[in-house]
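Number of protein chains: 4
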Amino acid sequence: MTGMAPRDTDWETRVRTSFARQAFMATLGAEIVALAPGRVELGAAFHPGLTQQHGFFHAGVTSTLADSAAGYAALSLFGAGHGVLTTEFKMNLLNPGRGERMRAVGRVIKPGRTLTVASADVYGVGDFGEVHIATGLFTMIAMPGIED
Amino acid sequence: MTGMAPRDTDWETRVRTSFARQAFMATLGAEIVALAPGRVELGAAFHPGLTQQHGFFHAGVTSTLADSAAGYAALSLFGAGHGVLTTEFKMNLLNPGRGERMRAVGRVIKPGRTLTVASADVYGVGDFGEVHIATGLFTMIAMPGIED
Amino acid sequence: MTGMAPRDTDWETRVRTSFARQAFMATLGAEIVALAPGRVELGAAFHPGLTQQHGFFHAGVTSTLADSAAGYAALSLFGAGHGVLTTEFKMNLLNPGRGERMRAVGRVIKPGRTLTVASADVYGVGDFGEVHIATGLFTMIAMPGIED
Amino acid sequence: MTGMAPRDTDWETRVRTSFARQAFMATLGAEIVALAPGRVELGAAFHPGLTQQHGFFHAGVTSTLADSAAGYAALSLFGAGHGVLTTEFKMNLLNPGRGERMRAVGRVIKPGRTLTVASADVYGVGDFGEVHIATGLFTMIAMPGIED
Numbered sequence: 001m002t003g004m005a006p007r008d009t010d011w012e013t014r015v016r017t018s019f020a021r022q023a024f025m026a027t028l029g030a031e032i033v034a035l036a037p038g039r040v041e042l043g044a045a046f047h048p049g050l051t052q053q054h055g056f057f058h059a060g061v062t063s064t065l066a067d068s069a070a071g072y073a074a075l076s077l078f079g080a081g082h083g084v085l086t087t088e089f090k091m092n093l094l095n096p097g098r099g100e101r102m103r104a105v106g107r108v109i110k111p112g113r114t115l116t117v118a119s120a121d122v123y124g125v126g127d128f129g130e131v132h133i134a135t136g137l138f139t140m141i142a143m144p145g146i147e148d
Numbered sequence: 149m150t151g152m153a154p155r156d157t158d159w160e161t162r163v164r165t166s167f168a169r170q171a172f173m174a175t176l177g178a179e180i181v182a183l184a185p186g187r188v189e190l191g192a193a194f195h196p197g198l199t200q201q202h203g204f205f206h207a208g209v210t211s212t213l214a215d216s217a218a219g220y221a222a223l224s225l226f227g228a229g230h231g232v233l234t235t236e237f238k239m240n241l242l243n244p245g246r247g248e249r250m251r252a253v254g255r256v257i258k259p260g261r262t263l264t265v266a267s268a269d270v271y272g273v274g275d276f277g278e279v280h281i282a283t284g285l286f287t288m289i290a291m292p293g294i295e296d
Numbered sequence: 297m298t299g300m301a302p303r304d305t306d307w308e309t310r311v312r313t314s315f316a317r318q319a320f321m322a323t324l325g326a327e328i329v330a331l332a333p334g335r336v337e338l339g340a341a342f343h344p345g346l347t348q349q350h351g352f353f354h355a356g357v358t359s360t361l362a363d364s365a366a367g368y369a370a371l372s373l374f375g376a377g378h379g380v381l382t383t384e385f386k387m388n389l390l391n392p393g394r395g396e397r398m399r400a401v402g403r404v405i406k407p408g409r410t411l412t413v414a415s416a417d418v419y420g421v422g423d424f425g426e427v428h429i430a431t432g433l434f435t436m437i438a439m440p441g442i443e444d
Numbered sequence: 445m446t447g448m449a450p451r452d453t454d455w456e457t458r459v460r461t462s463f464a465r466q467a468f469m470a471t472l473g474a475e476i477v478a479l480a481p482g483r484v485e486l487g488a489a490f491h492p493g494l495t496q497q498h499g500f501f502h503a504g505v506t507s508t509l510a511d512s513a514a515g516y517a518a519l520s521l522f523g524a525g526h527g528v529l530t531t532e533f534k535m536n537l538l539n540p541g542r543g544e545r546m547r548a549v550g551r552v553i554k555p556g557r558t559l560t561v562a563s564a565d566v567y568g569v570g571d572f573g574e575v576h577i578a579t580g581l582f583t584m585i586a587m588p589g590i591e592d
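These protein sequence lines map, in sequence, to chains A, B, C and D. In terms of my numbering, the first sequence opens at residue 1 and continues consecutively. In terms of my numbering, the second sequence opens at residue 149 and continues consecutively. In terms of my numbering, the third sequence opens at residue 297 and continues consecutively. In terms of my numbering, the fourth sequence opens at residue 445 and continues consecutively.
These are calculated hints, taken from the structure and not from any lab test. Backbone N, C-alpha and C define an ideal beta-carbon position, used for all residues, glycine too. Keep in mind that a hint or two might mislead.
[What the hints assert, rightly or not] Derived pair list, reagent style DMTMM-like, types lysine to aspartate or glutamate, alpha-carbon separation capped at 20 angstroms:
1) K554(D) x D121(A)
2) K110(A) x D454(D)
3) K110(A) x D8(A)
4) K554(D) x E31(A)
5) K406(C) x D269(B)
6) K110(A) x E574(D)
[Said to hold, decoys possible] Cβ pair distances, simulated, as ranges:
7) P96(A) x A449(D): 19 to 27 angstroms
8) E160(B) x H343(C): 46 to 54 angstroms
9) G277(B) x G499(D): 38 to 46 angstroms
10) A193(B) x A34(A): 33 to 41 angstroms
[As the list claims (entries may be wrong)] Away from chain B, derived, C-beta distances all over 12 angstroms, residues of chain D:
11) P450
12) R460
13) T461
14) A464
15) G473
16) E485
17) H498
18) E532
19) K534
20) E544
21) R547
22) G556
23) L559
24) G570
25) E574
Generate the whole structure from the sequences, applying the supplied hints.
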């Protein structure tokens with residue numbers, strides 16, 4: 001993370017404000033666990049409304065947390081007055097989505113003026129310890145003139 | 149789709165039963181629109197709980213619908229007594245998630261005993277007509293001995 | 297492909313000139329088979345220098361042809377004075393790379409001023425007929441001020 | 445890499461033998477730089493036959509090295525009598541392929557009996573130091589009964 005300097009001193013407020021506007025995060029019960037320039041960690045507790053057919057976290061929940069963690073890691077490095085959109089991503093689902101809660105860690109790999117590449121890793125946390133549920137790669141685009 | 153013959157005459161019941169067990173589909177308000185061997189179409193109406201920070205469908209909703217459409221397209225071709233899990237996928241988000249509803253079409257590209265490759269396309273539907281929101285590629289794995 | 301109108305009447309010359317500059321295409325023995333706005337087909341004959349450990353076309357050859365086909369499909373729709381770079385791609389390898397020759401078809405899915413999304417499909421052709429070796433999704437970026 | 449124990453004491457010979465059979469590696473001038481269970485580093489020197497239209501390493505060369513590095517990282521953990529095939533991968537190209545040589549590092553993220561997930565990172569090395577050219581995610585499949 002060395003050298004991941006924010007361009008905007010107000011980056012933390014902008015990330016928290018945008019996150020609070022993502023109503024789907026509230027639907028999932030997701031919250032910000034930790035914030036640093038170029039690194040964002042989100043968490044969500046298990047509940048039955050988030051499951052797939054075998055009772056695990058649905059891969060869509062895993063992917064949504066990963067996407068938001070990666071997206072806000074990117075936004076934390078954008079200049080003021082730029083919004084963030086995901087242009088594409090890829091996820092590998094490594095283990096079933098077990099646990100009492102999930103945590104998703106987004107990290108910027110390559111910041112850029114237009115495109116930012118980030119990774120995201122999702123872990124399931126329970127009495128068994130921690131399991132690596134998913135890893136992914138994301139491309140985010142900075143949209144000038146869009147308030148986030 | 150020619151040649152996509154189901155191995156199990158009961159395929160439609162198995163797909164509908166498994167879909168009904170995905171509680172996250174109910175959370176999203178998603179439903180099955182059309183079913184054929186190797187092709188599944190899902191739909192979901194817009195509501196504010198599904199949005200990202202600009203008021204569009206969250207990319208996580210788009211991806212979840214795509215994942216389930218592709219997964220059930222794969223399951224429709226599995227033999228009896230095999231469950232389906234997504235091992236990996238990739239999405240390109242082509243346009244913002246606008247519309248009064250989304251429809252997601254999953255199609256099997258290459259069926260297999262262990263791995264099945266499928267595509268998914270998601271469209272936003274509104275008074276503007278239809279817009280191509282996302283396209284993706286998915287690898288599904290058949291899990292013997294797992295009830296779906 | 298309807299509606300895929302080139303912005304530059306000189307598009308075909310630009311694609312052929314750039315392709316001729318890709319020395320790696322000559323290393324592979326690849327050539328342009330067909331060109332249309334938003335659609336490019338490349339071909340390459342099998343030779344032992346292109347193989348992986350089981351004697352099939354190496355996945356790297358498959359991917360290279362797919363990448364160039366998708367990239368030139370994108371470039372065919374760019375305005376004059378813009379070069380093309382691949383920003384990311386994903387390939388699913390559907391069947392072993394068998395055949396006396398491969399053909400790779402790149403198609404633009406969503407043209408854009410900055411980013412263009414394209415697909416590519418690669419087929420092996422031999423006395424067995426034709427087999428679908430690989431399918432992929434690509435994001436290309438238009439670089440203003442770079443001669444291709 | 446802790447805990448990445450090879451199942452076959454003969455793993456190094458099997459990796460080196462299979463690599464030597466990949467004729468496309470010789471075409472690229474690629475060689476093994478370092479080997480450990482679950483981690484493989486390959487290198488290749490720049491030469492004009494490997495370039496794209498702007499004179500950089502072609503993305504296909506980058507991807508091929510990444511694919512082979514990831515594939516042999518996976519194979520190093522397979523049991524005896526199992527060959528390796530790439531089922532799918534995704535690459536993000538972070539910087540142009542500059543340098544006098546490239547090095548590609550493949551690492552197993554999640555070993556498995558059937559599927560193994562690995563990452564690969566490619567670096568360009570020159571008098572400018574080292575630049576991160578690409579990062580990718582790969583799924584490899586273990587093929588019983590196939591000699592590698």
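Violated hints, by number in ascending order, as checked against the structure:
2, 4, 18, 19, 22, 23
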